[in-house]
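Chemist: Put the complex together from the two separate chains, hints included.
From first to last, the protein sequence lines are chains V and Z. Counting from 248, one number per residue, gives the positions in the first sequence under our numbering. Counting from 8, one number per residue, gives the positions in the second sequence under our numbering.
Because the hints were derived from the structure by calculation, they are not lab data. Do not take every clue at face value.
[Stated by the list, open to error] With a straight-line cut-off of 20 Å between C-alpha atoms, the simulated SDA-like cross-links for lysine to any residue are: (1) V/K674 x V/Q651; (2) V/K346 x Z/K148; (3) V/K765 x V/P848; (4) Z/K148 x V/P705.
[Unchecked claim] Some chain V residues close to chain Z (C-beta under 7 Å, calculated; not the full set): (5) I342; (6) G398; (7) Q465; (8) P473; (9) A898.
Quick caveat, the model's predicted, so the values are computed rather than measured. The beta-carbon is built from N, C-alpha and C at its ideal position, and this holds for glycine as well.
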Amino acid sequence: MDVPMAGGLAAKRGGGLPKLRELLRRQRRDSDSQNDSPDLDFVYGDADRYTAEIAEFYSYTEEPEFALGQKYFEEDFHCYVSDKWSQLDEERKRIHIFKLLDNVESAKRATRMKAARAILYLAQGVFGECSSEEDQFRWCRENVFLFYQCGVFSTFVELLCMEAENSVAASTALRKPAVSIVDSTDLRVVMSVLYSMIVTINTEDENDTEEHRQLREQFRAELSQPVHTDDSLTIVLFVMVTKFCSGHAPHFPIKKILLLLWKTVMYSLGTLTEYNNMKKIAREKAGLQPVPEETTEVARNMRASSPPTGVGDILDPQRKGLKPNKRSLVKQNGIDEPMPGEPENGDEEDENGKDNDSDEDDEIMVRPPDTPREPRVLPWTPKVREKELDNFLDHTRAKFVGYQVGSDRETLAGLPQPIHEGVGVLKKHVYVSLSELQIKREEEINKHPLSMAEETIPNNPTEILYQAMLPNLPQYMISLLKILLAAAPTSKAKTDSINILADVLPEEMPITVPQSMKLGIDVNRHKEIIVKAISALLLLLLKHFKLNHVYQFEFMSQHLVFANCIPLVLKFFNQNIQSHIATKNSIHLIDFPSCVIGDQPELTADSLEAGDNEVFCWRNVFACINLLRILNKLTKWKHSRTMMLVVFKSAPILKRALKVKQPLMQLYVLKLLKVQTKYLGRQWRKSNMKTMSAIYSKVRHRLNDDWVFGNDMDARPWDFQAEECALRACVDRFNSRRYEQTYPNKDPELESVDNNLQSVLGQCIELSEEFKRFYEVWLDREVFSTQIDWDLLLKDNIIV
Amino acid sequence: MAEEQKETVIVRRVRPGTKTEDFQNWEDQPFEDMDSTLAVQQYIQQSIANDISNVDGILAAPDGQDEGVWKYEHLRQFCLELNGIAVKLQGECNPDTCTQMTATEQWIFLCAAHKTPKECPAIDYTRHTLDGAACLLNSNKYFPSRVSIKESSVAKLGSVCRRIYRIFSHAYFHHRALFDEHENETHLCKRFTTFVTKYKLMAKDNLIVPILEETPNPTESEA
Chain V
248 MDVPMAGGLA AKRGGGLPKL RELLRRQRRD SDSQNDSPDL DFVYGDADRY
298 TAEIAEFYSY TEEPEFALGQ KYFEEDFHCY VSDKWSQLDE ERKRIHIFKL
348 LDNVESAKRA TRMKAARAIL YLAQGVFGEC SSEEDQFRWC RENVFLFYQC
398 GVFSTFVELL CMEAENSVAA STALRKPAVS IVDSTDLRVV MSVLYSMIVT
448 INTEDENDTE EHRQLREQFR AELSQPVHTD DSLTIVLFVM VTKFCSGHAP
498 HFPIKKILLL LWKTVMYSLG TLTEYNNMKK IAREKAGLQP VPEETTEVAR
548 NMRASSPPTG VGDILDPQRK GLKPNKRSLV KQNGIDEPMP GEPENGDEED
598 ENGKDNDSDE DDEIMVRPPD TPREPRVLPW TPKVREKELD NFLDHTRAKF
648 VGYQVGSDRE TLAGLPQPIH EGVGVLKKHV YVSLSELQIK REEEINKHPL
698 SMAEETIPNN PTEILYQAML PNLPQYMISL LKILLAAAPT SKAKTDSINI
748 LADVLPEEMP ITVPQSMKLG IDVNRHKEII VKAISALLLL LLKHFKLNHV
798 YQFEFMSQHL VFANCIPLVL KFFNQNIQSH IATKNSIHLI DFPSCVIGDQ
848 PELTADSLEA GDNEVFCWRN VFACINLLRI LNKLTKWKHS RTMMLVVFKS
898 APILKRALKV KQPLMQLYVL KLLKVQTKYL GRQWRKSNMK TMSAIYSKVR
948 HRLNDDWVFG NDMDARPWDF QAEECALRAC VDRFNSRRYE QTYPNKDPEL
998 ESVDNNLQSV LGQCIELSEE FKRFYEVWLD REVFSTQIDW DLLLKDNIIV
Chain Z
8 MAEEQKETVI VRRVRPGTKT EDFQNWEDQP FEDMDSTLAV QQYIQQSIAN
58 DISNVDGILA APDGQDEGVW KYEHLRQFCL ELNGIAVKLQ GECNPDTCTQ
108 MTATEQWIFL CAAHKTPKEC PAIDYTRHTL DGAACLLNSN KYFPSRVSIK
158 ESSVAKLGSV CRRIYRIFSH AYFHHRALFD EHENETHLCK RFTTFVTKYK
208 LMAKDNLIVP ILEETPNPTE SEA
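Isolated chain Z, as found in the complex (with noise of 0.2 Å):
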């Protein structure tokens, strides 16, 4: 039935009980042809399934695409795919022996979702931190609209990448065969890194993980 269908009109869906390598098995859709209200978000996913190496590509909006939802759209995503890492944080990633969130040795960071200061396990940390981002981009007072987001809200995307990528630096520092593995199947701190220094949401120094100097090659995220 599916495949009647293709050939008049194309219905991207994941419907229930397709399998997961015909997932968004799909022709391409111009970026101009999308009307819906997540084309930007459409059209992001879309370049991921293309290459999901081609950092600046997936990074590279349309011509006249507003910059802020742009941001917000990409911060959606890595806050999506972050989750995957999340999990397999969980399997190693102890509270016994990760008490703390720790990167490097300095730093043990406070987790914004409670009220007192706390320090949470890691692993609790990590699942906190997404859960807090999920909610300040799903929250309806700050972004009502996908389409067209307030200047003051963009502003609040900078605090949101600074918290997560915390996630990126603890599990490279403490949990590095599982970063390196999970790094190069989606590239997803490069392109996360890229993205922060690209819109100057986060500075150099601050992004400890040493993953845009040592890659000069696109393809292979680790040494």
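Looking at chain V on its own, in the form it has when it is part of the complex (with noise of 0.2 Å):
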């Protein structure tokens, strides 16, 4: 398995026997000197460095803009202050921020958007008055927590709510032939003061003092309440994105809005690397054990495994490294599997010695980065789950005892001594989920529909953005998938996609070659920009739902798979992801700031290539991932989704895909590869040792699942439609109880009874003509001369 073949992978793709020979002469070169290519150097995170995040935000056909709000900012000011702006003491700032607030609510709309731009311009960090980078961020920090402090966030929030409904600017799109950045312009300078207060407010810096954090949490606090009418600014944005794609708003910048949208949900529900935390405390309040090990810090202690032979493997398939691969694989069937823990036959894996990917596990070791060779322990703790316990257990009493224990994990009575030390080793490696806690907690409500009461629903940030996408989350879905679509590198444009270059194309398209090649780039960062936005976006989404109830996110990822997200991500797989990851479309020397600050050197076609030596684009490793976490999350455990993926043929994709030498990335891709192992059939695993050697390697092994050689293709049939139909009923049974309590959907019978004396009384009885008439008869038979022995309501058992 230590074929590396990265280095081969150009010549492969020429094809032809002399390409095949040098190919394979590379190999046994390669594999004498270990890996070749360097892993890549790419670092998962919530999002990239500041500086790139700001950069992206802006399209570099924008570039001539900046300079706009520096003149309508020193016109403004200096007509009445000689200072710059960056010797002014902090009151006198404040004048005239309150004075450029008062001119954003003027009626007029020049002098509505002369200010706005004028702050802006403030919030991008007076770069008129820089002359390094260093220094455009440290005013741009200061101003923007004096705008915050000034109210300017909830000021532009609001008319960020009025541009969007602005009718006239929408009429005037529709009836353009091609809307451009023009028509975008209002929207893009509202949306720019925004995203570079939330942006620059939640970057921790070293010398942020205790007033910074405490207006930070404030601000967190603030972004997830809702704004202006009831809709808090994650909504406000949602709605913007459907109506962009309803067609109604051709002119929204789109790409400003999903990253506004993806900052906003960031920050208002917390990063990746609190969500790790906040799962942690929900787990240890749910009296579970804490998680055994986290996903990106494990990945980061991996290696990325070598690429993929297919080729090779075909041409040779005797050669080295199969060998010890099968045994290791036999090994692995069954229970005797080594946990970590337990000294195994440490001998046999001497033989073994020379194989660097295989391993076995004394105990679970964090291996030093720089370390050459792999380590030789999994990198793991296997887990189990307890229905798999359960199912071993009546597996077993079937066969040994003859009948079964209903749910008695403790009886071992009649099972010879291996299958206790089984039960033994599963039993350690029990790992409950809260979404199992969950579900169990959901079926015991329905089940108990009054004794077991309604739970406190938490009323955190996430809960609060579930009940208010709730109504819409379809449509919001639909129109994420839509615009990932057509961002897509591999979809073509039709006319009848959607149009998403609005805010990136000019009015006057270019002529000069530096300037369409300008154009070019830069329509392909927007592209590669908006998939990383949606990417991020809905894996933030699905894992705080996940958190916060498992319903909730299988709400959402219902709809996911109904809107077909699965063929979409395959698709979007479904190209040269090496050169996709190298693209280089940006072009440094006018992104943002460093476009406004020193001398600008004239573009030509040489200096648009200069200032990049990355090997990849971190974007788009960014996306890669992302997209590959939200497959993940989408058919963990869901069998006809995972179906789906080979019914998609998502194997050949998700192996090319391995070719990418990043750990975190070749994890989840394997994960995939693994669900289906299954599936697959004989002769696929037969031609893929190397990759089912790598899954060996990295991928958690569950005990008990017979994932290599499982082959239960008529053993559970799959009915897509019944499976999902049976998650729609528990979601929608988990929504309609939670969420409509206006029109109560429960059995009348299992209401409590009403003894209000005032509402009985009040009830509306309709009387019979024959009773009203007969009434004093009734009363006196039924009510004076029946002696009715009340006291007998009071005892205690009364026979009736």
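Modeler: Here it is as structure tokens:
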């Protein structure tokens, strides 16, 4: 399995016999010198560096507008102050900010937008007064915090709501044959201010004072609060996205909306790093043991496996590396699997000594990152679900004892010793997830609707967001996927698809070569950023909903699946993923802020490529990993969706994605391959041994999971409809029980009896004419002349 | 009957049928003894009833008072009292003459009550702004409690202040006589100006009604 092939890839694509020979030669050389091309030096995180995140918000077409902000600011500012902004004291700055804010609320559009641009210029760090990017950053931070204290944020959110509703702009854009960047000018200015504030305030810095931290907390709380009307900023933006997709507002700057949306969700619900802590706390509260290891943490210490060969394997399947493979694979069949904590047949392993990838485990060990050899332990503690333990017990009891003992995990009577051991091992690795607890709880509530009172619904930002999204969640998901489709590099521009380029195309098409090259790069960059924003947004939402309540997650993921998210992501990966990751659709010279500080060189064809020595494009790797994680989230434990992966022939696509030498990305690909290995057939497994062993060594083992040799193709017929419907029923019941209090869906039998005198006597009862006429007779007979022993009611045992 | 109760327990209520001159005509209660959730409002209204011209006294928070709540309650009170000036304006500020919300010449303000940009006549702007402020201050989402208020909600007070100040400035620059009359009675603009300056809710330069500089004498509000 140590047949690194990365070097041979380029050659392989060329095809032909000499190429193949060259390939083999290279392979041999590679295997001598271990791995050749280094792993991608990519660090996964919540977002890119601060500067990159800010730069990506602006398209290159917008460049001339930076100066405009400066002009408007200075015109207005210097007519009554001769000092520079950076020389003012805080009080004077406040005065000017308030003055600008008054102008922002002016009824005249021109005045309003001039003031908004001036504010944007301040948020961009008064770059006209800066000599370096550090200066610019410092001023930007200072201004933005001051803005927040002066209430700029809420004013601009209101302005955004107003501009989003602006029907004049929408109808102008609708009438135009081609929308361009000019149509979204006002919106872009407002959104740029908001984005600068959100990103800058939430970026931690070593110079943070206590006040900064406090303001940050306060700001985050404000982000999830409703603005203006009853909607939070997130919902306002989601509504904008759907409006854009429906074609009613083609001028909306969709990239900016998506980036803003992603950041708003990220900072109001919590970043992925914070998510891990939230999960830890939630598990603790539920009385579950902590998560054994953090995925990103483990993957950081992993090394990328060399890409699968495909060609090489077929050419010479008997070549080295395969035999030891087989052995190690055979060994994992069944439960005699070595566990962490159990010293296991070490000497047998030594035969595999030169086999780098195969490994057995003594304990979970964190490998120092620079060790050249793969660690000889599995990176993950194996897990097993309670359900699987029960299955195992049922199965063995049926075999040895002959009957089943329902829901008893203790009694081992009549079972042979090895089974005792097996059960012991399984029990040691039982992992109960929060979702399982939530599902169980949900079942109990539905079974005992009266005695099991509704749990108190937490009032956290995620819950608030879910409730706000619930009525329109399907539309939001469809819109996001539509845009994702339009932005995917593999999709062709169709006439009927939405035009996502409105906020990048200039009014006049470029004439010179460098200009059109610039636009070409800008358009590609624009699309990449959109993919990045959507992928990160979806992943964040899925994760937070899952933590909050599994059925919230299922609701969202089901709508993603119905909107064809799975084939869409596969389609995205059905391209030369390596070159996609290595694209250079950035021009560092004209990124903000370098395009406004210092002398500006003239843009030539050469300078377009200057200043970039990265071998990969951060945002593309990030987006790929996010998409893979989404796919994993959607398919995990869902048989029917796993079968979709098989049906859509994802295996070759995913295998190609393995060529990217990034451990985290490979891990998620391998996970997706693992779940479907069973269904790919013997032939596929035979010719993909390298991938199989990579899965073995990198993906967590599920005890009792026979993913390699299981051939239960026919054992579990899959009925997509039935499975999704069953899930749907659970989700619907959850949603209606928890969120439809207004019109009770409950069984009237289960409603409590109304014994309030006021309301009982207030009820209008239709009495028949006959009754009314003989009422007095009835009274006499039934009430006055009959003795009623009321005391009987109070006795304990009334015999009816 | 009211007389009898005063002997034992003072009931601080304006009962139906109470004459104007008897409004709030009861003894002071020390702040420590106010035990309702509306203590701060009660305290503020009590100080106003005692001496409406004692602006600094009214704005001086009792010891240990939460600043957020203090600011909030004062702003509530301002909105309440601003309705007085709004009622007076209704008689004089005609939508035909004051077609726009202007103060000095350069300002025309956008009315935040509408989703699309709209220039309301001044009197409508006044009404909409007061209405909007009342909505916000009574919003269950931002201000669920009047005992403790989230910092992020306190941050919203600034923009309310800026907006309602425009009512003062419009009245001052366009309906001077009315403004002076009202100000002499209530010292409201002076109190508001002191309030926003004290808590830095607005900057000095934005307070365009010249009220603090001209009146060193606290009893006489307008020159």
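Chemist: Are the hints correct? Go through all of them and say.
Modeler: Status of each hint after checking the structure:
{"no.": "1", "hint": "V/K674 x V/Q651", "result": "holds (19 Å)"}
{"no.": "2", "hint": "V/K346 x Z/K148", "result": "violated (29 Å)"}
{"no.": "3", "hint": "V/K765 x V/P848", "result": "holds (14 Å)"}
{"no.": "4", "hint": "Z/K148 x V/P705", "result": "holds (16 Å)"}
{"no.": "5", "hint": "I342", "result": "holds (4 Å)"}
{"no.": "6", "hint": "G398", "result": "holds (4 Å)"}
{"no.": "7", "hint": "Q465", "result": "holds (5 Å)"}
{"no.": "8", "hint": "P473", "result": "holds (5 Å)"}
{"no.": "9", "hint": "A898", "result": "violated (50 Å)"}
The structure shown violates the earlier hints numbered 2 and 9.
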